[in-house]
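There are 4 protein chains.
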Amino acid sequence: MEPTDAHRATFELGIKFGALYHQFAGTPISSASATDLANAIESAIENQPHCEAVTVAMKTEAIEAAVDPDVGYTEFTGEFADVEIVVGYEGLEATAVMEMDEGYPRMRLVDVEEPA
Amino acid sequence: MEPTDAHRATFELGIKFGALYHQFAGTPISSASATDLANAIESAIENQPHCEAVTVAMKTEAIEAAVDPDVGYTEFTGEFADVEIVVGYEGLEATAVMEMDEGYPRMRLVDVEEPA
Amino acid sequence: MEPTDAHRATFELGIKFGALYHQFAGTPISSASATDLANAIESAIENQPHCEAVTVAMKTEAIEAAVDPDVGYTEFTGEFADVEIVVGYEGLEATAVMEMDEGYPRMRLVDVEEPA
Amino acid sequence: MEPTDAHRATFELGIKFGALYHQFAGTPISSASATDLANAIESAIENQPHCEAVTVAMKTEAIEAAVDPDVGYTEFTGEFADVEIVVGYEGLEATAVMEMDEGYPRMRLVDVEEPA
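Note that the protein sequences, when read in sequence, are chains A, B, C and D. For the record, in the first sequence the residue sitting at position 72 is 59 according to my numbering, with numbers rising by one throughout. For the record, in the second sequence the residue sitting at position 61 is 48 according to my numbering, with numbers rising by one throughout. For the record, in the third sequence the residue sitting at position 57 is 44 according to my numbering, with numbers rising by one throughout. For the record, in the fourth sequence the residue sitting at position 97 is 84 according to my numbering, with numbers rising by one throughout.
Residues from chain C that face chain B, not an exhaustive set, calculated with beta carbons under 10 Å:
hint, residue
1, 12
2, 62
3, 64
4, 65
5, 89
Computed far set for chain C versus chain A, every beta-carbon distance over 12 Å:
hint, residue
6, -12
7, -9
8, 52
9, 73
10, 76
11, 77
12, 80
13, 87
14, 93
15, 97
Derived by calculation from the structure, the hints in this document are not laboratory data. Bear in mind the structure is a predicted one, so any value in this text is a computation, not a measurement. For every residue, glycine included, the Cβ atom is placed at its ideal position computed from N, Cα and C.
Start from the sequences, fold in the hints, and give me the full structure.
Structure follows, in structure tokens:
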């Protein structure tokens, strides 16, 4: 069938998650640099079409635990941040999160609000 | 509202497009290496959950035209490939493409098929 | 021949430039988000071994000129920043820059200082 | 001091390693897709200036062991490949490898050959 606006909203939302993850996975990260990376991810992805809000909460303790003291950093991956993104499309708002789920950083659509 | 299976299918499809683009944009490419990159993109993204098929058609002439002869390569970006991805989710099939549209590589949802 | 400390210093310096470029090329960028990205690049790459200082000067005017008003952003690439990196290795300091040179973002080794 | 050709050769070699790692880290990978990715990495990086040869040996068993059967893939990172790169610069040949060293994918300069 022809996609609806709600389908297009959730498609756009998925694009943002895939972009966020694959642009920044692998970035050298430490507890000291995590805030800078979170800020950059948020403002970069918010540039994308229909993107209303990106929230990246770095898990500083998990990052510190993963840093080998002899190396001084680790690589950014999904286990080190909780992410929420909100997309607006033709009056609809779609929201999804990335959270750890049984050891895997799962991206999960949580809400699609149609106009009241 | 609670997302439907069709919303989840198109969300998953969006993830694949964002992942594909932001994982591989910036890769050094020439007309000689384009086929290897297309093959790797297809088999990499097909690994992702619910991904049924990824087709990457490299635009060899556009790549050749973009290569500075003094440098010998250019960087992969959306203008150098047409992409189609099909996701299967709970019996639904969702299809989207990336194609150039007024100089911008636009990702566009084209179909969501509900079970007959 | 067996590599010298100066060879190892310049090898390490090259790693930082390749990492910086290929980690962040393709990031959505606008003049509003450029500072966040510059800060994140600096603190991320400074995490890497032997890296003493990374300076990323975003070219805001070039970014603004490249942004299609209908799209609202462009993708980060070498034409949008001047970069300087300093590596310290076994008492040696090696410095290189990335600057535009005839339309190509050229990475250029500028100095290797041996101990006085 | 003014860098020598050997310094420039090893700098160029480092660029290739940083580029390779940070372009492709995070790519979805399985034992079935590993060969395609290895081929694409080799031909992509060989496009870069002064790059004579790139050899990527995927560690298929390590990849299989890392794949969560419920997910079906893992992400490419340094632990899943041994890499050798040879750069030629002004008659010099410089060679380096990436290999695991105490759990860390270490990039190591192994040889700089001056003209006989």
